[in-house]
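**Q** Work out the full structure: start from the sequences and follow the hints.
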Amino acid sequence: NHGLWILAYGVTVKAYAWTFLWFCAVAELAIFSPSWVYHCSHTGLDDTRNACHLSTQGKFIALGMLLSLFWTSQVLKNVFRTTIAGVVGTWWFDPEDARSASANGDGGYFGCCGCSRAIYDSLFRASSYSFGSICLGSLLVGILMVLQFLVRCGRQQRDQLRQQRGVEATDFLFCLLQYLVDTLEYLLEYINTWAFVYVG
6 NHGLWILAYG VTVKAYAWTF LWFCAVAELA IFSPSWVYHC SHTGLDDTRN
56 ACHLSTQGKF IALGMLLSLF WTSQVLKNVF RTTIAGVVGT WWFDPEDARS
106 ASANGDGGYF GCCGCSRAIY DSLFRASSYS FGSICLGSLL VGILMVLQFL
156 VRCGRQQRDQ LRQQRGVEAT DFLFCLLQYL VDTLEYLLEY INTWAFVYVG
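Using the working numbering, you'd call the opening residue of the sequence shown number 6 and step up by one each time.
Bear in mind the hints are in silico, worked out from the structure with no lab data behind them. Hints should not be assumed to be uniformly reliable.
Simulated restraints, written as ranges between beta carbons of each label pair [to be verified]:
(1) Glu194 <-> Gly137: 17 to 25 angstroms
(2) Ala35 <-> Trp97: 46 to 54 angstroms
(3) Ser73 <-> Tyr14: 22 to 30 angstroms
List of simulated lysine to any residue pairs, SDA-like, C-alpha gap at most 25 angstroms [claimed, not checked]:
(4) Lys64 <-> Gln183
(5) Lys82 <-> Val18
(6) Lys19 <-> Val31
(7) Lys64 <-> Leu145
(8) Lys64 <-> Thr77
(9) Lys19 <-> Asn6
Just so you know, even glycine gets a beta-carbon here, dropped at the ideal spot from N, CA and C.
**A** What follows is the structure in structure tokens.
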């Protein structure tokens, strides 16, 4: 089933295309529609200096954009993982069905790429019947990745402010939050690994 290599490259191209489209959407928001994201106020008498900061609406948009980036990348990765698990499961229970057409000695349908019927069936199951389970598991990991990003950003801002002051109670709070989010993400990814194998 060396056709899985072709599928792996296809998923990689799809991930790069999604990331490029996501960056285009962020650029559209930041450059061409700044009123959706920023709230600017005039600070000088000559109205030439503006003080801009992220508005409340902009914060929700930023969280949604981050969630869409992490969630979609997780879905792409987990569809591929589930497809591989389906091919291995097919090989385990029916080795002849999992062999590619080129391995059997005939050209067959799509035989030139080394793909077997097991790859197409597994990809179809992962993209249709099992897609809801994949999306739910990926959403949970995506939410934790957004929380991890927020905690790290907050901790970096806190570290910049701490250079001016001493150690405070919020330092311990950020350490605790980062530990909890990292542990939850690791646990959820570990559970999802076996869950997606079972789904596949």
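**Q** Now tell me if each hint is right for this structure.
**A** Structure-based check of each hint:
Here the CB-CB span from Glu194 to Gly137 is close to 19 angstroms, well matched to the stated 17 to 25 angstroms. Between Ala35 and Trp97 the beta carbon distance is about 49 angstroms. The supplied range of 46 to 54 angstroms therefore holds. The hinted window of 22 to 30 angstroms between Ser73 and Tyr14 holds, with their beta carbons roughly 24 angstroms apart. Only pairs whose Cα atoms come within 25 angstroms are accepted, and Lys64 paired with Gln183 is accepted, the gap being roughly 21 angstroms.
For the proposed pair Lys82 and Val18, the alpha carbon gap of about 12 angstroms is at most 25 angstroms, so the pair holds. Annotation: proposed proximity of Lys19 to Val31 holds, straight-line Cα distance about 18 angstroms (limit 25 angstroms). Taking the CA atoms of Lys64 and Leu145, the gap is about 20 angstroms. The hint holds against a cut of 25 angstroms. For the hint linking Lys64 to Thr77, the alpha-carbon distance of about 20 angstroms falls within 25 angstroms, and the restraint holds.
Between Lys19 and Asn6 the CA atoms are separated by roughly 21 angstroms; this keeps the pair inside 25 angstroms, and the hint holds.
Checked against the numbered hints listed earlier, the structure breaks none of them; every hint is satisfied.
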